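S.K.: Chains as they are written, first to last, in the numbering used here: chain A, 1 to 497; chain B, 1 to 146.
Hints may be right or wrong, so weigh each one.
As the list claims (entries may be wrong) - Here are a few chain B residues that face chain A, going by a calculated C-beta distance under 10 Å:
1) A16
2) L75
3) L84
4) P91
5) G100
Honestly, the hints are just simulated from the structure, not real lab data. For clarity, every value in this text was computed on a predicted model and none was experimentally measured. For glycine and all other residues, C-beta sits at the position ideal for the given N, C-alpha and C.
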Amino acid sequence: MSLLVALPFLIPMVAGSVSLLAWPSRRAQRAIAVVGTAGQLIAAVVLLVVVWNDGIQVLAAGAWPAPYGITLATDLLSALMVLMTGITGFAAALYSLPTISSRMERNGYYPLMHMLLAGVAGVFLTTDLFNLYVWFEILLLASFALLAMGQERAQMAGALKYVVLNLFSSAMFLSALGLLYGLAGTLNMADLAVKLPALDDGGRVTLVSMLFMLAFSIKAASFPLFFWLPASYHTAPVAVSALFAGLLTKVGVYSLYRTFTLVFTEDVPWTHGWLQVSAGFTMVVGALGALAQTDIRRTFAFLHVSQIGYMLMGLALFTPIALAAGVFYFAHHIIMKSNLFFLSGVIYRLGGSYRRDELGGLWTARPWLSLVFLVPALSLCGIPPLSGFWGKLLIVRAGVDAGSGWLLAAVLVTSVLTLLAVMRIWADVFWKAAPQDRPVRRAPLPVMLWVVTVGLAAGTLWIGFTVEPLWALAERASAQLLDPSAYIEAVLSPELP
Amino acid sequence: MRRDLRSSSVILKAAAQLLLPLLLLLSLFLLLRGHHEPGGGFIGGLVAASAIALHLFATDMRSARGVLRVDPRSLMGVGLLVALLAGIVGPLTGGPLLAGRWVDLTVPILGELHLGTPILFDVGVYLVVVGSVLTFVLTLAETGEG
Numbered sequence: 001m002s003l004l005v006a007l008p009f010l011i012p013m014v015a016g017s018v019s020l021l022a023w024p025s026r027r028a029q030r031a032i033a034v035v036g037t038a039g040q041l042i043a044a045v046v047l048l049v050v051v052w053n054d055g056i057q058v059l060a061a062g063a064w065p066a067p068y069g070i071t072l073a074t075d076l077l078s079a080l081m082v083l084m085t086g087i088t089g090f091a092a093a094l095y096s097l098p099t100i101s102s103r104m105e106r107n108g109y110y111p112l113m114h115m116l117l118a119g120v121a122g123v124f125l126t127t128d129l130f131n132l133y134v135w136f137e138i139l140l141l142a143s144f145a146l147l148a149m150g151q152e153r154a155q156m157a158g159a160l161k162y163v164v165l166n167l168f169s170s171a172m173f174l175s176a177l178g179l180l181y182g183l184a185g186t187l188n189m190a191d192l193a194v195k196l197p198a199l200d201d202g203g204r205v206t207l208v209s210m211l212f213m214l215a216f217s218i219k220a221a222s223f224p225l226f227f228w229l230p231a232s233y234h235t236a237p238v239a240v241s242a243l244f245a246g247l248l249t250k251v252g253v254y255s256l257y258r259t260f261t262l263v264f265t266e267d268v269p270w271t272h273g274w275l276q277v278s279a280g281f282t283m284v285v286g287a288l289g290a291l292a293q294t295d296i297r298r299t300f301a302f303l304h305v306s307q308i309g310y311m312l313m314g315l316a317l318f319t320p321i322a323l324a325a326g327v328f329y330f331a332h333h334i335i336m337k338s339n340l341f342f343l344s345g346v347i348y349r350l351g352g353s354y355r356r357d358e359l360g361g362l363w364t365a366r367p368w369l370s371l372v373f374l375v376p377a378l379s380l381c382g383i384p385p386l387s388g389f390w391g392k393l394l395i396v397r398a399g400v401d402a403g404s405g406w407l408l409a410a411v412l413v414t415s416v417l418t419l420l421a422v423m424r425i426w427a428d429v430f431w432k433a434a435p436q437d438r439p440v441r442r443a444p445l446p447v448m449l450w451v452v453t454v455g456l457a458a459g460t461l462w463i464g465f466t467v468e469p470l471w472a473l474a475e476r477a478s479a480q481l482l483d484p485s486a487y488i489e490a491v492l493s494p495e496l497p
Numbered sequence: 001m002r003r004d005l006r007s008s009s010v011i012l013k014a015a016a017q018l019l020l021p022l023l024l025l026l027s028l029f030l031l032l033r034g035h036h037e038p039g040g041g042f043i044g045g046l047v048a049a050s051a052i053a054l055h056l057f058a059t060d061m062r063s064a065r066g067v068l069r070v071d072p073r074s075l076m077g078v079g080l081l082v083a084l085l086a087g088i089v090g091p092l093t094g095g096p097l098l099a100g101r102w103v104d105l106t107v108p109i110l111g112e113l114h115l116g117t118p119i120l121f122d123v124g125v126y127l128v129v130v131g132s133v134l135t136f137v138l139t140l141a142e143t144g145e146g
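So here's chain A without its partners, still in its complex pose (with noise of 0.2 Å):
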């Protein structure tokens, strides 16, 4: 069974690859793309059940056990962010079925989502710092040329400011693998998590350790090196930036959450104390870049940059309930988030426009449609009954127990700001009358973006109304990161046939 854990990055690795061979058939490759990114899902479904029966679940390949060999290992954050990949992907599969030009599809336009979508799961699931660094490159590589794709002005000056961030950051994160290694002889997690302790290094873990939080916090785009993102994600057609806006953020802060619960855990109250810096000015920054835009999808952008923030206060704070917290964010945050680039795009599609000031109308000729938006749209703002509500109250809570108050205010305002951008592009977009030289298009819309935009809505008042499932798997990943001992044991020690 151990291949489970591999299933994952293997279904869109063959995928991708079956999917070069299908070039000439657009056909084929977009029947690929929905079967490989089907087969990720439920790939990260079954390894989710068997990961919440069976705990931790670990893949020794080539059955060179660790440290010597790179081991694969699944915990429930692993398996959680796994199945949000899975959920985004095919979404994104979905959606870019009737919206993705022909020429993209002809340029290679599948292969490289599913190799991102590979890339990205690999990020989940390995255990050792240097295989991580591969599957940044992975998803990085992939993840540029999608973004440079459409050879528009603008996308290539985003795209030119993604690449040379995040090749930065990456060459910051080699240089301190390099440290690293120097230092303990051991990239492995859980045999670092063992080691390091043991290491009478006078603080020189710690501050490679910094350099580790600086290079995530780039790939994060948390303050304040964040705004590649804004700059970029709006230029790339709808269905890849939903795609980015879901995952490639999320890569980064699941690192920090993974490398500062297991390995860099020895000066806590610095490294955290960093983090929880980085984290208030992320939220409040971001929300208020937000408010200066008139484009939507840049206003969704520097608030998928707040939002940021509230991730890292999980982290930050390092109690149980705020990790918890943290990993619900996570979960409500995917496919909110996503869903709010995906709807941008259907509000481009009728208005033709993302510019606030040039749409309206929408809520008299789309009424269904307007719903739909207004869940995401509440959700974000922390409406209650919605996921967004759920998610926030749980980061204040951890904030009181923690008695920390400024980052309290700093939630607080963010919240303010949050619902303030989000209502202008409610009145703007929905309820002003639509200009008169644009009125709002008659035509149908295309049943997938229906499915993709009330699939993950749905998704969202599911998470809203049923808190508990999804809070308890939060809390037993929380704890699963606090005491990561069974981790360890089952990296370090896993059966071999």
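Please arrange chain B on chain A, whose structure you already have, making use of the hints.
M.R.: Only chain B this time, still in chain A's reference frame:
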């Protein structure tokens, strides 16, 4: 300014004709010795791709595509699948992913052969590298020729 690829010198043309088979042979040699000694699929693939790129510079696009015979993009796909197959042999025979599996064959002319999944994996890497490098080169050359 667009440079015509066909304006290359006689020396380059003559040398390329001679070098193409030699370089391709060298690439196979590098691929096969790679398991225990320096070499392997990646290096071999790069040598093979540069051989074809050299041919492209000496002659033209059509002739280079003729040498390759297949679309480099499908080479990438086949290569990835071959490498994945090498990984999956392990689980199919009851081991973990990527587990090494070996067979000993006696082939009339070559004698005793010790073959395993690592060489299969390397062949996959070789194909992926040839495919991807040539996709870059041919795409760039095509844009250059307009």
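S.K.: For each hint, tell me whether it holds in the structure or not.
M.R.: Evaluated hints:
1. A16: violated (28 Å)
2. L75: holds (9 Å)
3. L84: holds (6 Å)
4. P91: holds (5 Å)
5. G100: Since chain A brings a Cβ to about 6 Å from G100 of chain B, closer than 10 Å, the hint holds.
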